[in-house]
Amino acid sequence: MKLLTCPLNGPRNISEFTYGGEFHLMPDQNKTDARQWAEYVFFHDNAAGVVTEWWCHTASTFWFLAERNTITDQVIRTFEASEVFSQRKAFSVIEDQA
Amino acid sequence: MTTLLRRSQLSRRHIALGAEFEQIGDTLLVSNYGSSEEIAQAKSLALIDLSTLPRTGFKGAGATTWATSQGVKIPERPNLALLQKDQSLVVRLSYHELLILSNIDPLSTQIERLDSMAVGPQTYTLPRADSHCWLAVTGSQAAEMFSKVCGVDLRPHKFANNAVAQTSVAKASAIVVRHDLGTTHCFYVLTDVSAAEFLWDCLIDAMLEYDGGPVGVASMRELAAEG
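In order, the protein sequences belong to chains P and L. Just so we're aligned, residue 17 is where the first sequence starts under this note's numbering, counting upward by one. Just so we're aligned, residue 20 is where the second sequence starts under this note's numbering, counting upward by one.
Hints listed in this document are in silico derivations from the structure and should not be mistaken for laboratory results. All clues stand as given, with none of them false.
Taking CB as the label site, the calculated pair distances span: (1) SER213(L) / ALA106(P): 33 to 39 angstroms; (2) ASP89(P) / GLN106(L): 43 to 49 angstroms; (3) THR144(L) / PHE58(P): 34 to 40 angstroms; (4) THR74(P) / LEU101(L): 24 to 30 angstroms; (5) ASP45(L) / PRO27(P): 38 to 44 angstroms; (6) TRP70(P) / ASP45(L): 42 to 48 angstroms; (7) TYR114(L) / VAL109(P): 26 to 32 angstroms; (8) LYS18(P) / THR128(L): 45 to 51 angstroms; (9) GLN103(P) / LEU101(L): 27 to 33 angstroms; (10) MET17(P) / SER213(L): 23 to 29 angstroms; (11) TYR114(L) / PRO43(P): 26 to 32 angstroms.
Beta carbons are placed, not taken as given, at the ideal position from N, Cα and C, and that holds for glycine.
Isolated chain P (complex conformation) (with noise of 0.2 angstroms):
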């Protein structure tokens, strides 16, 4: 069984783990157009290589980032969502001006 290691629960087997896609900071929602707001939720860039991913340990629900490279398909690192996040994202909404 190959192995992933949660940064919260340590080493796991992998079918304890839910992929949760590719990381991308999300736009400012207020500023952002259709267009982009479309390319942030439904699509990715699918890179050959190294790229972030999010990660669910299923057994504790703990969501948390992976670097993995694509094409040899080695896990580089896994670390926890604050190293990113040091606060909950907020939604600000702007008042409608009409």
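Keeping the supplied structure of chain P fixed, place chain L upon it in accordance with the hints.
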């Protein structure tokens, strides 16, 4: 006559095995299955259903701060458990998530108190009594039996008392907590309540080659009292 006492999801399994029940608080637990060998069984390898005992949980960035203000002692890091003054067990599942399990004798008073309170800022209640079933696997052969159904090494020298593993047991996501009864190894297993019968059957099946089987809480009491 209909009883209002809380019964386990595994009640039908217990009745079929000839269980004698006892009332603890407002719940029914299996006291024994009528065998005179249950203590010896529990020391070797046994399965116990604790699903009707009180338990609760709290989650959120303010959860540990709020729980501390309520007199709860917090384990120093995630995946550790800590025994409380009222003999309940606080399991820290992540930086900001706690699971609290009652003892049998006495039943925890703290759990009911915390459940009835308004929680602090950035703290969310996470009721666990109906979401999870709660089994205990006891005995010297428990870790070896687990190696058939769980990928984490639970042998005593690798998995210390009060260690916690959130992992897969018989392909069901589970929380495993080692909480020894005196000198007897004991592992709590909590999994989604919808998998209660599945997990019970899987563990009974895995125990067969070690002559393991179900016992009641009377045996747990004896083992805990032996120290």
